[in-house]
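Engineer: Whole structure, please, built from the sequences with the hints as guidance.
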Amino acid sequence: LTDADFSARPMVMLTGQYSTGKSTFIRHLLGRDYPGLRIGPEPTTDKFVAVCKGDMDQVVPGNALVVDKAMPFTQLSHFGNAFLTRFECSKLDSPVLNGMSLIDTPGVLSGEKQRIKRGYEFEEVVKWFADRVDMILVLFDVSKLDISDEFRRVLLALKGNDQKIHIILNKADRVTTPQLMRVYGALMWSLGKVIDTPEVSRVYIGTFWDEPLQNDEQRKLFESEENDLYTALAQMPRSAATRKLNDLIKRARLARVLAFLLNHLRNKMPSFMGKSK
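Residue 364 in the numbering used here is what sits at position 250 of the sequence shown, and the numbering runs on without skipping anything.
Calculated from the structure, these hints are not laboratory results. Please read these numbers as outputs of a predicted model, since none were measured by experiment. Be a bit skeptical, because a hint or two may be false.
Here are the simulated PhoX-like cross-link-like pairs (lysine-lysine), alpha carbons at most 25 Å apart as the crow flies [said to hold, decoys possible]: (1) K167 with K205; (2) K273 with K258; (3) K382 with K278; (4) K161 with K183; (5) K241 with K273; (6) K278 with K241; (7) K273 with K307; (8) K307 with K161; (9) K161 with K278; (10) K364 with K183; (11) K183 with K241; (12) K241 with K364; (13) K167 with K241; (14) K241 with K307; (15) K364 with K278; (16) K258 with K364; (17) K205 with K241; (18) K307 with K334; (19) K358 with K273; (20) K258 with K334; (21) K307 with K278; (22) K241 with K161; (23) K358 with K183.
Quick list of the computed label-pair ranges, beta carbon to beta carbon [to be verified]: (24) A373 with M170: 41 to 51 Å; (25) L359 with Q293: 19 to 29 Å; (26) S257 with D160: 18 to 28 Å.
Yeah, the Cβ is synthetic: ideal placement off N, Cα and C, and Gly gets one too.
Structural biologist: Structure representation (structure tokens):
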């Protein structure tokens, strides 16, 4: 852990398959576009984008970002140049960013596009961020509930951070109430095979964008779920310092155990250079 890890604002990572509304959710939350934002039905976000507080609109490339010791991203340099060309920081002035930073991720693709053509270990990068962020938002589209093998590997990369995961069932206004009930049941069944936890994951149901609802049968439900999610985001900075302290203690205990193991192995090994065994 670096000094920047402790001084940085709490971070929220958004992940999911392509066109599930990750970038649109950030725009809805900020009330405006962040620099470099592109939105469309096709896979548009092809980079990891850290959306952070700044005095003016600015885009900082990945290679410059990882050498800035004031930012908590210096350790990302070991993922190589192929990743750094697909990583950037968008800075803008927004009151939402006073209390948090947002990590927008590329949509999970299928087949060789995900495994080979990215040029870097996508799941390893997701795991790096998952270990350091304070909240993970996994977005699903009501019309795309299938969890592909590639997306399954991404969800497995989040293992060990289950308490940070919040599920969002997005674009829920596109279906009727009976259809929404079936969609919710199908989502929970799919998640039960991937996220292996004794407790049920919290699922926020709604449509997180600025356009009018296409089907407002469940308007009260959507407004209540949106309020609950925003309350959780607002409360997150209060627990961020405790989480960072907890991570430091956990790492210190692991280092202590490793030191004891190395000392034990050293005492059991024979001496070299002709000395007594």
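Engineer: All hints, please: hold or fail.
Structural biologist: Taking the hints in turn, this is what the structure says about them:
no., hint, result
1, K167 with K205, "5 Å, holds"
2, K273 with K258, "23 Å, holds"
3, K382 with K278, "41 Å, violated"
4, K161 with K183, "21 Å, holds"
5, K241 with K273, "8 Å, holds"
6, K278 with K241, "13 Å, holds"
7, K273 with K307, "13 Å, holds"
8, K307 with K161, "29 Å, violated"
9, K161 with K278, "22 Å, holds"
10, K364 with K183, "23 Å, holds"
11, K183 with K241, "21 Å, holds"
12, K241 with K364, "17 Å, holds"
13, K167 with K241, "24 Å, holds"
14, K241 with K307, "19 Å, holds"
15, K364 with K278, "16 Å, holds"
16, K258 with K364, "38 Å, violated"
17, K205 with K241, "24 Å, holds"
18, K307 with K334, "31 Å, violated"
19, K358 with K273, "18 Å, holds"
20, K258 with K334, "24 Å, holds"
21, K307 with K278, "18 Å, holds"
22, K241 with K161, "16 Å, holds"
23, K358 with K183, "18 Å, holds"
24, A373 with M170: 41 to 51 Å, "47 Å, holds"
25, L359 with Q293: 19 to 29 Å, "45 Å, violated"
26, S257 with D160: 18 to 28 Å, "22 Å, holds"
Comparing the model with each numbered hint stated earlier shows that hints 3, 8, 16, 18, 25 do not hold.
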